[in-house]
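Participant: Sequence:
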Amino acid sequence: MKSFPRIPHPALAGFLALLALAAAALPRGARAGGGPYNTLLVVNAVSRDSRQLGAHYAKAHGLPEANVCMIHTDPHKPSVSVDDFEITILRPILDHIAREGLAQQIHFLVLSMDIPTRVNYFNSVPAALFYGYKPKPPDAPTCFIVPDSVNQYYASERAYTSTAGWNRTNMPIVFALTAPDLKTGKAVVDRAVASVADPPPADAAFCLHGSGDAARNVRHRTYARAAMPFAWCGAAGAPDVRPTSTAVPSRPVALYMGGFAYIPTNFPGNIRFAPGAIADHLTSCGGMLPEPCLKQSTVWDWFRLGATASYGTVCEPCAYEAKFPDPMLAFWYWRGFTAGEALAMSVKNPYHGLFAGDPLAAPFARPPSVEILSPAPGHRTDGPVELSISMEAHPDDGAPPVYLDLYIDGKFVRPVVRPLAPTGNDLVVQVGGETFSYTIAPDEDLYRAAAGLAWAVNSRGLGRVKARAVSDRVELTVRDPLDPGSGAPLPVSVSAERGFAKDLYIGLRAGTPDLVVDETTGEGRACLFLHLGRAGSYAFAYPLDLSALPPGPHTIGLVVRDGTAVQAQSQTELPVEIVAKDLP
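Be aware that the sequence shown starts at 1, since it is given in my numbering, and climbs by one per residue.
If you are wondering where the hints come from, they were derived from the structure by calculation, not from laboratory data.
For clarity, every value in this text was computed on a predicted model and none was experimentally measured.
A hint or two may mislead.
Claimed, not checked - Lysine-lysine pairs mimicking DSS-like chemistry, simulated, CA-CA at most 25 Å apart:
1. K411 x K134
2. K186 x K59
3. K295 x K77
4. K466 x K502
5. K77 x K183
6. K186 x K77
7. K183 x K323
8. K411 x K136
9. K323 x K136
10. K59 x K183
11. K134 x K348
12. K411 x K59
13. K323 x K348
14. K134 x K186
15. K77 x K136
What the hints assert, rightly or not - Cβ pair distances, simulated, as ranges:
16. C143 x A164: 30 to 40 Å
17. S250 x G212: 17 to 27 Å
18. A140 x R48: 31 to 41 Å
19. G487 x Q152: 42 to 52 Å
Virtual Cβ for every residue (Gly too), placed ideally from N, Cα, C.
Could you build the full structure based on these sequences and the hints that come with them?
Facilitator: Below, the structure is given as structure tokens:
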């Protein structure tokens with residue numbers, strides 16, 4: 001195995017042995033959300049707990065050895081200077097990514113405990129890595145928002161890729177896998193692994209709760225707005241909205257959002273978190289570790305109670321909602337985004353914020369599956385091999401598989417499958433007796449197609465029917481939503497048709513069969529989802545030449561993603577052995 005540079009600690013031999021064991025034990029089955037190929041684990045080589053938690057993380061998630069980066073920084077410092085941040089944390093990470101050839105594939109970065117969490121006691125380390133250090137202006141008042149600190153990924157409702165250029169940094173989403181002790185840290189990882197593509201019980205609650213604390217319960221005004229899309233988009237149940245309550249939820253909790261300084265004393269032993277649960281509370285010091293101001297509750301306290309991911313600020317933020325997760329976090333998590341994506345897109349100005357826990361949790365993801373039917377594991381070849389590949393949509397109404405990428409020994413090689421452009425396909429929407437249609441124009445992707453459909457509805461709806469495009473969705477608002485005869489909500493039906501294209505390359509579905517009437521405004525609402533691809537399953541042969549690889553064991557990896565904005569993913573692996581060619 002390759003050795004890591006600058007590692008003076010004999011204990012790391014055991015760490016590398018654990019990584020080797022993890023690689024040998026990797027299943028050929030599926031994963032979802034961000035996968036091991038897309039995650040870089042950062043371990044502090046001078047901390048035994050960081051090494052042990054890192055080894056546990058790498059084994060549990062099946063990370064390739066190259067996806068573990070060793071740094072050397074003081075594990076006892078809660079904060080570092082900008083220079084120390086760049087020298088001991090940022091630069092070694094960038095050097096590792098470049099040296100290992102990972103620049104095209106790392107979208108999540110996990111800091112394994114005992115790594116400083118603050119820069120100059122002002123930015124969090126995850127935020128500074130994610131979108132650059134945001135300095136405090138010299139003449140800044142007590143309460144302010146730093147100029148040029150908006151997170152461009154905010155409210156994007158799209159799968160995150162670092163190569164897309166978000167925030168002009170090309171950096172991954174960064175989480176601190178931090179905990180008060182090693183046992184709690186390992187439990188966080190285990191809950192994340194257990195959650196992947198494994199939804200919680202049907203009665204699990206998204207709790208948008210508040211408190212009587214007026215200074216911290218500022219998000220309750222937006223709870224109703226965040227809860228509404230669940231009904232329009234076909235969720236089985238509505239969020240549990242209690243703007244002033246700190247009662248213990250009676251059901252398992254998938255997400256908890258509150259506003260208070262201290263977690264209520266009746267929570268320990270009574271609140272039940274489902275695997276993958278996100279929990280946060282809006283207060284000043286939730287990310288101030290290890291000693292929070294005024295001994296306020298922190299992300300550590302949520303992890304002790306069973307949460308998998310959390311968020312808190314590392315210095316006084318004042319009660320700016322833009323510095324904390326937007327309640328729409330609940331909806332984005334329900335859609336199937338990873339905990340990392342959902343939290344990262346929920347904070348508009350996150351420079352104070354500590355994204356904490358395991359970003360790979362994804363209980364609501366519905367990824368397609370991919371399988372290598374032949375050759376068998378352990379196949380021996382001197383180079384040529386033909387893969388028989390099968391891909392299939394998730395059985396729970398999942399979107400078609402349209403992206404497939406090839407990895408060799410954990411490194412991205414090339415795309416195998418990409419969706420065809422839906423140019424010329426028609427999108428048709430019928431609301432009651434009114435029909436709206438849109439023909440997809442050249443060079444329009446999934447998001448432009450959604451915007452085009454919204455434009456078509458607005459141009460013909462004349463204010464009676466209005467549409468708004470949000471990522472790969474279109475939200476409809478209907479002024480007169482009831483049938484004049486029956487008084488029932490008007491039906492909503494949709495279809496995607498071939499149009500003048502050679503085939504159909506896009507799909508459209510409605511979240512509900514009828515309009516959902518908003519009791520506050522009397523308007524009817526509906527949510528339409530677009531996705532690329534048509535076939536729910538297909539198989540094909542893919543020839544591959546491995547002759548450039550050195551003799552010995554190697555791993556062929558395939559990662560499949562669906563055609564929605566979520567791009568839920570899974571992967572499979574095939575171990576092969578390259579044998580030397582016989583000399584003539």
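Participant: Enumerate the violated hints, using their earlier numbering and listing them in ascending order.
Facilitator: 1, 4, 7, 8 and 14
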